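> The task is simple: from the sequences and hints, build the whole structure.
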Amino acid sequence: MTPRTLKGTPPAGAQAGKQTLAVWKFSSCDGCQLSLLDCEDELLALAERLQIAYFLEASSAIVEMPTRPYDISIVEGSITTAHDAERIQEVRASSRTLITIGACATAGGIQALRNFADVQDFTRVVYASPDFISTLATSTPISAHVPVDFELNGCPINKHQLLEVIGAHLARRRPRVRAHSVCVECKRRGTVCVMVAHGTACLGPVTHAGCGAICPAYDRGCYGCYGPMESPNTASLSARMAQLGSEEVDLVRVYRTFNAAADPFREASEAHEDRSRA
Amino acid sequence: MSDAGETPEGEAAAGGQTGRTRVIRTDYLARVEGEGAMYVKLDGRQVLDVKLRIYEPPRFFEALLRGRAFTEAPDITARICGICPVAYQMSAVRAMEDACGVAIDDGPLRELRRLIYCGEWIESHSLHIYMLHAPDFLGYAGAVEMARDHREIVEQGLQMKKAGNALMALVGGREVHPINVRVGGFYRAPTRAELRTLRDPLERARETALATVRWAAALPFPEVERAPELVALSEPDAYPVDLGRIVSDGGLDIAAAEFDAHVLEQHVEHSNALHARLRERGTYLTGPLARYALASAKLRPLAREAAREVGLGTVCVNPFQSIVVRAVELVQACDEALAIIERYEQPDAPAVEVIPRRAIGHGATEAPRGLLYHRYEIDEDGTILDAKIVPPTSQNQLAIEEDLRAVVEASLDLPDEQLSLRCEQAIRNHDPCISCATHFLKLTVDRG
Numbered sequence: 001m002t003p004r005t006l007k008g009t010p011p012a013g014a015q016a017g018k019q020t021l022a023v024w025k026f027s028s029c030d031g032c033q034l035s036l037l038d039c040e041d042e043l044l045a046l047a048e049r050l051q052i053a054y055f056l057e058a059s060s061a062i063v064e065m066p067t068r069p070y071d072i073s074i075v076e077g078s079i080t081t082a083h084d085a086e087r088i089q090e091v092r093a094s095s096r097t098l099i100t101i102g103a104c105a106t107a108g109g110i111q112a113l114r115n116f117a118d119v120q121d122f123t124r125v126v127y128a129s130p131d132f133i134s135t136l137a138t139s140t141p142i143s144a145h146v147p148v149d150f151e152l153n154g155c156p157i158n159k160h161q162l163l164e165v166i167g168a169h170l171a172r173r174r175p176r177v178r179a180h181s182v183c184v185e186c187k188r189r190g191t192v193c194v195m196v197a198h199g200t201a202c203l204g205p206v207t208h209a210g211c212g213a214i215c216p217a218y219d220r221g222c223y224g225c226y227g228p229m230e231s232p233n234t235a236s237l238s239a240r241m242a243q244l245g246s247e248e249v250d251l252v253r254v255y256r257t258f259n260a261a262a263d264p265f266r267e268a269s270e271a272h273e274d275r276s277r278a
Numbered sequence: 001m002s003d004a005g006e007t008p009e010g011e012a013a014a015g016g017q018t019g020r021t022r023v024i025r026t027d028y029l030a031r032v033e034g035e036g037a038m039y040v041k042l043d044g045r046q047v048l049d050v051k052l053r054i055y056e057p058p059r060f061f062e063a064l065l066r067g068r069a070f071t072e073a074p075d076i077t078a079r080i081c082g083i084c085p086v087a088y089q090m091s092a093v094r095a096m097e098d099a100c101g102v103a104i105d106d107g108p109l110r111e112l113r114r115l116i117y118c119g120e121w122i123e124s125h126s127l128h129i130y131m132l133h134a135p136d137f138l139g140y141a142g143a144v145e146m147a148r149d150h151r152e153i154v155e156q157g158l159q160m161k162k163a164g165n166a167l168m169a170l171v172g173g174r175e176v177h178p179i180n181v182r183v184g185g186f187y188r189a190p191t192r193a194e195l196r197t198l199r200d201p202l203e204r205a206r207e208t209a210l211a212t213v214r215w216a217a218a219l220p221f222p223e224v225e226r227a228p229e230l231v232a233l234s235e236p237d238a239y240p241v242d243l244g245r246i247v248s249d250g251g252l253d254i255a256a257a258e259f260d261a262h263v264l265e266q267h268v269e270h271s272n273a274l275h276a277r278l279r280e281r282g283t284y285l286t287g288p289l290a291r292y293a294l295a296s297a298k299l300r301p302l303a304r305e306a307a308r309e310v311g312l313g314t315v316c317v318n319p320f321q322s323i324v325v326r327a328v329e330l331v332q333a334c335d336e337a338l339a340i341i342e343r344y345e346q347p348d349a350p351a352v353e354v355i356p357r358r359a360i361g362h363g364a365t366e367a368p369r370g371l372l373y374h375r376y377e378i379d380e381d382g383t384i385l386d387a388k389i390v391p392p393t394s395q396n397q398l399a400i401e402e403d404l405r406a407v408v409e410a411s412l413d414l415p416d417e418q419l420s421l422r423c424e425q426a427i428r429n430h431d432p433c434i435s436c437a438t439h440f441l442k443l444t445v446d447r448g
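Here the protein sequences line up with chains H and W, keeping their order. If you read the first sequence in the numbering used here, its first letter stands for residue 1, the second for the next number, and so on. If you read the second sequence in the numbering used here, its first letter stands for residue 1, the second for the next number, and so on.
Everything labelled a hint here was simulated from the structure, so no lab data went into it. Please note: incorrect hints may appear among the correct ones.
Among chain W residues calculated to face chain H with C-beta under 10 Å, some are [unchecked claim]: (1) Gly34; (2) Ala69; (3) Arg79; (4) Cys81; (5) Ile355; (6) Pro356; (7) Arg357.
Looking from chain W toward chain H, a few residues come up when the C-beta cut is under 10 Å (computed) [unchecked claim]: (8) Pro85; (9) Gln159; (10) Trp215; (11) Val263; (12) Arg304; (13) Gln346; (14) Pro350.
The structure displayed is predicted, hence computed values, not measured ones. Just so it is clear, CB atoms sit at the ideal spot from N, CA and C, and this is done for glycine as well.
What follows is the structure in structure tokens.
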């Protein structure tokens, strides 16, 4: 790499005593790494505690770490190409702690809808010359390729949870990120249940907490963008949604969005797909 | 994928000089959204080749939208871009309503749409001006590095960005991928009292925006003049945001439904993105420079005065000065948001009913970085049969490459490293969103 004469660029190698942070992007919309820049009140303080060593969306400065790994790597996006499947191995090898952020990195993202289709058909729809497209047949989470130390759910992640995860790492404690359902967050927020009170279909009972139960507070059912909670009972919820008027084809779509490839949601959508064809 | 992805040499591998041939390349562009690279080849003083390469992997949105419900388009297409999700939601709902014969062209629902869009302009422009673009002018790698010497400036940018995010979070539920936008309107309309909590932060943001215009205008600008055809939405009495005909300074004046008839998308070898061009005349540019040139007379008086005060003129031909135009648009967005909040009356219902029918619908709105076009064909039950999305960056790619060529020709005497930085800055002038661009573009990669 050609060294640059930019002001404010720290010398190569880690700054004394500071842990290093790297942010990596794979197939994604950039929204989860943007959440770090959305920490308007905390970003500069964070940059004083940590050395931001690699974060292309924010800086062209790259601190190379020839002798030791990055202390924390934050990974956004899913694996959809052979090149990226190799690159994530390199990222893992150069990271002490690897944290994945967002539905793409933890579950494959919306682009994992290809996993339910013939990717050749998919490619033909979008591209005039499908033979030239270099893509894998599936979109897979980072954990399908390398060991992951912590997964933060959400499409997009909650920036306060991201700060909690980074802060917990610095304090060498477990992050306080609960795996219970969105329902608990509604109760804590004092939101009237949209399903019980209004008959609105809602994925809250099977969805991982973390967003703060935004949708029901806006008179809308949860659509599951934080993925499955720790022990989701999708069959029970589906039965209730069917009573409220959802058809099998609707239920396929309900589970098949941003976390479609997360096992509990995948199994639920496949079960409904089988029944819709029966 | 371009070969840039196959020769990872790190950021700014400013290539060496071998004989008369000189290659300037950056394999991983920093401070842009998504994964892109730049390649410039010179022979002596002659520019042989200029490429903005896009190697971000495709996500097949147009394919995965098929078979989904028409009501899902705003939530799904928001995921194309974490930086401008509202733009995707707004073009999607416009297109679906157009298909279903519904027009939300005035009243409080339209006002709320412009309001949340103002929030996205404030957030995105603040991010670009202070965190992505300003470091180029002041010689820093990024905003965090810049904050070591200019903490106050970076902090004021962050506070303005925060005001935009607060507006998106209140109206939309959250900043990234808002949940409150739906075909027909919103799930819940905010109350007057809720919106009024935004007045103080927006008033402060407006003051900061005015200061930003003056600060940006005093930055050192390389001398470059460019004159691509400029394309933007046009409304009779308002600066273009969420509605209007598509017009240009070259005589284009069409409805969104005619977009396909006038814009041709071409496959190129070096990019996972299709290049859009006008069938009649070729390269065109969308975004702040186009909006400003075509509609500066429709700016709110405060924004118009701010532009006049720094001598911006009614057309800005130097793309490096786009940072000043973005600052003027920040004043515009803050001032318009405050005006909407002031006159807002909560609607009786948060949405109008939209009944699907078999039809094709079109929607075009102004994302912070330029025109964003959606077209959908839906079935009588609202199932999406076909989708087409043309994001601003694919429309601007040719203009960006032509800028690069002009910038290189005007800067031949710079050493490689500085020329490389100048080229990257020229790309960032147009705030390209590569995540957006790839995901639609019908690409051909020649692997030879």
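> Hints broken by the structure, by number, lowest first?
Numbers 5, 6, 7, 10, 11, 12 and 13 - these are the hints that the structure violates, sorted from lowest upward.
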